[in-house]
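Student: Following the hints, put chain B in place on chain A, whose structure we already have.
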Amino acid sequence: MLTDIGILSSVLLNSLIIGSGYAIVAMAFRLMFSVSPFFNMALGASVALGAYLGYALLPMFGIYAYPLILAGVILFTWTQEAFIYRPMRQFGASPMVLLVVSLGVYTIFESVIHLIFGPQYQTLGTVAELSQINLGFAHLPLVQLIIIVLGLVSLIGIYILLQRTFLGKEIRAIAQNPDLAFITGININRVIIIVSIVVGAILGAYGVCVGYDTGMEPTMGFNILFKGMIAAIIGGPTVLAAYLGAMVLALAENIGVWFFASQWRDLIAFVIFILLLWWQPNGIFVRTPKKVSCEIKTNKTKGKRK
Amino acid sequence: MKKFLVSILAALSLVACSEEKSDKPVIKIGVSLPLSGNMQSVAAASRKAVQTAIKDANTNPDNHYHYEVVIEDDAMQPQKAQLVANKFTTLDKVNAFVSFTSSQGRIFSSFADKYETLHFNCAFGNEGVLTSKYNFQMFTQIDTEVKALADFLKDNNKKSVTLLFVNRVTSEELVKGLEPLLKKYNIKYNIEYFNQTDRDFALLIERVKKQNNDAIVLYGLEPTVSIIGKSLYADNLIDRVLMPDVIQFVSDINLYNGAYNIGSAVATDEFKKHINLDKENPAFSNYMYDIISFIVSAYENTYTPDTPINNSDVADYVLSQKNWDGVAGKYNISENGAIETDVISYKIENGKLTKK
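Just so you know, the protein sequences line up as chains A and B, in that order. Residues 1 to 306, numbered by the working numbering, are exactly what the first sequence covers, in order. Residues 307 to 662, numbered by the working numbering, are exactly what the second sequence covers, in order.
With the rest of the complex left out, here is chain A:
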């Protein structure tokens, strides 16, 4: 039972770690979706690219590799936006078409990674090399602490970007009404490019963490993106809602794993996903506007018509 403090702490800590991972992807997905509203499956590739660039560059450049990794992932997301999605949008491609194209980009990326690095599982550090922090009830690897911090930093950073900067105003304007934003003089393409750079940086940094924490394989991107998307949808349309949605999903999964079994993790995730959306279709952390009564007072109407 969860009345045991040790177990409760383990469940909460693990939910925070897993939830932070989901949240980073969920927030990046939300931010990108707000200006370019389609399910961009290639965002998963950005995480994988971060991990694999780490694998290729860290042995060569040591600590100096980190800016190169981020630059590489940013270049990857920017290239996609500038040379694939933007021209297609200009030719009137629908979100469904862009989704399929992004799936194609992801598949090509996965195959290229397979060709260059091989299909085998790799890791950025052996367990003996990874530092651990003793919390008393559990050992927390340093990289997991970094994931938690990265989640919080991304949340605060994106919040400040959206609420306190002119670019944030532009992003919000595009998210609300892209046509009106265009008429008022906002350069939508420029904003999307900047957002894709920010998203690339966040996902690239997370990719390196994943490379240290659980390791990497060519197919890793899809699974990571999948849970992030679910978290974003459960939470709602804001970045804070996406973060909280990720935490709810992780907590529910972990409680489920503790009470039932690890094999039912995905089942639990999807049952929660459906139940929560059934209860709050727009996300659980969204203020639903009060229902406007549309009842027709039949007697009065009837009377008037008579």
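Hint data in this document are derived by calculation from the structure and do not stem from the laboratory. Take these hints with a grain of salt, some might be off.
Stated by the list, open to error - Straight line, CA to CA, 20 Å or less: simulated SDA-like cross-link-like pairs of lysine to any residue:
| no. | chain 1 | residue 1 | chain 2 | residue 2 |
| --- | --- | --- | --- | --- |
| 1 | B | 661 | B | 650 |
| 2 | B | 515 | A | 259 |
| 3 | B | 465 | B | 519 |
| 4 | B | 516 | A | 12 |
| 5 | B | 516 | A | 13 |
| 6 | B | 578 | B | 661 |
| 7 | B | 579 | A | 118 |
| 8 | B | 460 | B | 493 |
| 9 | B | 585 | A | 5 |
| 10 | B | 516 | A | 7 |
| 11 | B | 516 | A | 5 |
| 12 | B | 393 | B | 377 |
| 13 | B | 494 | B | 457 |
| 14 | B | 658 | B | 572 |
| 15 | B | 516 | A | 256 |
| 16 | B | 386 | A | 13 |
| 17 | B | 330 | B | 599 |
Tutor: Showing chain B alone in chain A's frame:
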């Protein structure tokens, strides 16, 4: 541009000229491997092993046949296996085919029965695979491995065990075999399943710690076994770990220092050099090499000049054999088509495997 085109044409003509022309009759072997998807890391070495075995067979001047191989990707998905088996039998018209893992083997078995094609499956779960005289399985058999595991636990005085298994059909077969033996030996057990797609095992390991059993039998595939291995290592539980064949998959063997692996023979360094393995996981590549070599030996031994190839005779020949020597060891051949090596126990010490 012209220079580029000329050099490409020259390269292509060189490749075409270098292809061996043989007057010998041809034996076609189809090999289905999970070259993409979650199991792709396991298949890379097997592909090299198959290609080397075919090359070795074709360079042997005493052989009567010329051997050709068609390698296809089944991505470890039953639907794709169905398509590959269909292609092998109807389009490529192979004489024999090889499948990997028992779940895929079951699909190929039905094609082997229907088209009277020789089928060799590389796996240890045999339910539904050995359905006719055309189906064979070359590995250590699940019953033998299960018995060896249970005996190991009993002999080492383990009173309780956690069975930490990936959620697959083979795991269920393992549990089905282990349960009666554990009950017989009076060993208490807990079963924990996990998914191959999971990447977080912290709470699962927490549960295992809470059970505090004397031993942990871990069965899974990469990358899950390495991620679980990290947690077990961090919690100092590795010396309780016992693995049926798992060491064949892991990328960092040092993670399992102190653990035991009980099962099939692990590829030797000499063999890895022979098939030119670099960073690839050697997982079962020695068995895949042996399967191709055994198929070659069966066709060579049933060769009759100017007589068409008859798979029924080849299958009868295989079943009439008692044992065969391969790179993975000596194989015992049973009447039901199980061709198996003995179970070997290894202890992992300082990143090396020591036979026990």
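Student: Against this structure, judge whether each hint is valid.
Tutor: Results for each hint:
no.	hint	in the structure
1	B:661 - B:650	holds, 7 Å
2	B:515 - A:259	holds, 15 Å
3	B:465 - B:519	holds, 8 Å
4	B:516 - A:12	holds, 17 Å
5	B:516 - A:13	holds, 17 Å
6	B:578 - B:661	holds, 18 Å
7	B:579 - A:118	holds, 18 Å
8	B:460 - B:493	holds, 8 Å
9	B:585 - A:5	violated, 44 Å
10	B:516 - A:7	holds, 10 Å
11	B:516 - A:5	holds, 14 Å
12	B:393 - B:377	holds, 11 Å
13	B:494 - B:457	holds, 14 Å
14	B:658 - B:572	holds, 11 Å
15	B:516 - A:256	holds, 17 Å
16	B:386 - A:13	violated, 41 Å
17	B:330 - B:599	holds, 18 Å
The earlier numbered hints that this structure contradicts are 9 and 16.
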